[in-house]
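A.B. asks: Line by line, the protein sequences give chains A and B. What the first sequence shows, in numbering that gives the first Met the number 0, is residues 0 to 293, in sequence order. What the second sequence shows, in numbering that gives the first Met the number 0, is residues 0 to 284, in sequence order.
Rather than coming from a laboratory, the hints here were simulated on the basis of the structure. A hint or two may mislead.
Residues of chain B clear of chain A, computed beta-carbon distances all greater than 10 Å [what the hints assert, rightly or not]:
1. Pro128
2. Asn129
3. Val142
4. Thr143
5. Glu245
Restraint ranges, calculated between C-beta atoms of paired labels, are given here [said to hold, decoys possible]:
6. A:Asn189 to B:Arg214: 46 to 56 Å
7. B:Arg253 to A:Glu203: 26 to 36 Å
8. B:Arg147 to A:Phe21: 41 to 51 Å
9. B:Glu149 to A:Pro265: 23 to 33 Å
10. A:Pro265 to B:Phe112: 44 to 54 Å
11. A:Ala182 to B:Asp123: 31 to 41 Å
Since this is a predicted model, take the numbers as computed values, not measurements. From the three backbone atoms N, C-alpha and C, an ideal C-beta is built for every residue, glycine too.
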Amino acid sequence: MRLGFFLREALRAMRRNAAPSFAALATVLVTMLVVGVFIPAVEVTNAAANNVRGRLIVDVYMKTSSTKTDDARVGREIKALAHVKSVQFVSKGRAYQQQKAQNPAAYALLGYNPLPDTFHVTPDNPSNVLALHTELTGGSGGGPFDSAVATVSNKKAYTKRALELTSAVQWGGIAFAALLTIASILLIANTIRLSLFARRREVEVMRLVGATNWFIRWPFVIEGVLVGAVGAVLAIVVLAIVKIALLDPLFSGWALVGGIRTIAFPALLAILMGAGVAVSAIGSGVSLRRFLRI
Amino acid sequence: MAVSRPDQRARQRRVAVRGTTTDATPRPAPAAPAGPAVIEFRGVSKRYGGGDVALDQMTFSIVRGDFVFLVGPTGSGKSTVMRLLIKELEASEGTIRVAGHDLANIPPKRVPFYRRNVGVVFQDFKLLPNRTVHDNVAYALQVTGGSRREIRDKVPDILRLTGLSLKLHNYPDQLSGGEQQRVSIARAFVNHPPLLLADEPTGNLDPEMSIDIMRLLYRINRTGTTVLVATHDQAMVDKMRRRVLELSRGRIVRDDATGLYTRDESTREFAQRLRAPAERPPGVL
């Protein structure tokens with residue numbers, strides 16, 4: 000009974016204040032569209048950055064004279080170090096096969112196997128790759144940590160740059176997302192405030208006849224929920240049309256970008272819906288407060 | 000205590016005077032004022048932020064069932080009295096009691112519940128523009144959690160009393176000023192509050208409509224509701240012959256509760272008297 004009354008009140012208010020309600024709805028729609036495009040965009044950028052970071056590994060080359068016992072010992076020693084996620088051993092024979100398959104003419108000319116046994120060491124976290132490198136090279140710049148090791152790959156400059164660049168991209172994405180979120184909330188709250196301001200006399204009258212604050216507030220909150228929901232649904236419809244009509248055919252026909260995985264579409268929809276409804280409902284409830292002071 | 004004593008004595012005297020009037024009248028009036036004060040101001044002062052003194056040590060009381068005018072020029076404190084009574088403002092000094100409750104002791108959360116016991120009518124009507132006449136009046140019931148049935152029972156009744164039965168589905172902007180004021184009175188009275196406040200209810204209306212509104216307020220008063228009307232329509236006040244509190248610069252300069260009181264009078268006689276020319280000697284009906 001009560002809920003029905005508040006719902007009817009909210010619908011009546013929307014009908015009788017069509018212009019401000021429409022403005023609020025359009026604001027939610029546009030904001031949600033921007034957010035809906037932005038979330039996958041940030042994700043793609045992040046995925047690309049992570050892809051680069053994932054490729055940061057350290058190679059440990061054994062001396063050509065190393066024996067199988069040496070290999071086993073060094074393998075154990077690497078695994079015992081901090082920051083090591085996994086170690087992949089490639090024997091000189093296998094490396095030779097791989098290289099030969101790629102470039103048979105050159106290796107036929109060479110006539111023997113110049114390749115050493117190799118360990119590909121992946122750090123537990125891309126950011127720790129430099130620390131791992133330092134450990135493998137024997138701490139303070141001394142020789143390799145084991146006499147059977149010839150060299151440890153030295154891609155320090157490249158690694159450093161890759162780390163800096165990718166973290167810049169990720170932090171930029173986070174900052175931009177925060178900015179966009181704050182701007183959206185302010186925009187929606189402000190639009191709602193404007194439409195409430197036009198109705199402050201109404202609120203005043205309600206107070207005079209003895210309406211409690213929540214009795215006045217509920218219809219406004221429900222109105223906010225409805226406006227937010229409708230705006231979010233419209234934004235979702237537009238996004239879905241763009242995805243189905245434009246992006247899906249593009250991605251399926253173009254292998255290069257096909258590999259990028261973004262947030263699942265239903266999850267995106269849920270986020271948009273929840274954000275739209277919550278922001279506008281809380282916005283109208285909070286904005287009303289200044290008119291409700293006794 | 001020293002302040003309150005003369006006030007109490009004055010009240011007793013008034014009650015005593017009224018007692019004799021009732022004895023003199025053969026039929027006891029249904030709306031005869033009796034019993035404790037509905038409104039009681041005791042040394043009430045109100046100062047606004049800028050140091051302006053709106054009310055200065057005001058003391059008066061109004062008994063149940065009374066019909067009292069509050070007159071005075073603009074800025075004399077009439078509206079401040081009204082706004083203090085609906086607890087839109089807080090007194091800077093002194094105590095205000097309504098039906099025995101000290102308004103200062105009502106916490107903010109209880110203010111809406113207090114206001115349901117006080118009907119308020121304003122010069123600018125203060126109707127909800129997005130609601131029909133019926134819904135405007137019904138809102139006052141919905142606020143108190145009134146059921147649909149209650150609304151179905153009470154709203155048409157009060158609209159009939161105020162002569163708005165035919166305007167049920169009109170919006171406020173489709174009504175004349177007098178009709179809008181009647182809607183606002185209907186809304187103020189639909190809960191049958193024991194106290195009705197009217198701040199310049201006829202300020203925006205022509206004389207004939209003003210008489211209509213006064214007649215309606217008188218009719219409400221006759222059901223036992225205490226009515227306090229702030230106005231600067233001196234001619235109207237003179238003809239009504241009710242108790243008059245005259246304010247000037249936040250002080251009571253005249254409390255005219257005597258004489259000229261015609262207690263038991265039908266609303267028809269009442270309206271006739273209001274329409275009569277002012278020169279007519281009082282007492283001749």
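A.B. asks: The structure should be examined with respect to each hint, and the outcome stated for every one.
C.D. replies: Quick rundown of the hints versus the structure:
1. Consistency note on Pro128 (chain B): stated as away from chain A, yet its beta-carbon is not over 10 Å from all of that chain's, at 7 Å minimum.
2. For Asn129 (chain B), the non-interface assignment is contradicted: its Cβ lies about 4 Å from the closest Cβ of chain A, within the 10 Å cut-off.
3. For Val142 (chain B), the requirement that its beta carbon stay farther than 10 Å from each beta carbon of chain A is not met, with the minimum near 4 Å.
4. Once the 10 Å rule is applied to beta carbons, Thr143 (chain B) is inconsistent with being away from chain A; the minimum gap is 7 Å.
5. The claim that Glu245 (chain B) is not at the interface with chain A holds, since no C-beta of that chain comes within 10 Å of its own (minimum 26 Å).
6. For the pair Asn189 (chain A) and Arg214 (chain B), the beta carbons lie near 49 Å from each other, so the given range of 46 to 56 Å is met.
7. At about 33 Å, the beta-carbon gap between Arg253 (chain B) and Glu203 (chain A) stays in the expected band of 26 to 36 Å.
8. Roughly 31 Å separates the CB atoms of Arg147 (chain B) and Phe21 (chain A), a value that falls outside the hinted 41 to 51 Å.
9. One distance hint, 23 to 33 Å for the beta-carbon pair Glu149 (chain B) and Pro265 (chain A), is violated here, with the actual separation near 47 Å.
10. Between Pro265 (chain A) and Phe112 (chain B) the Cβ separation comes to about 47 Å, which falls inside the hinted range of 44 to 54 Å.
11. In this structure the hint that Ala182 (chain A) and Asp123 (chain B) lie 31 to 41 Å apart at CB holds, the actual value being about 39 Å.
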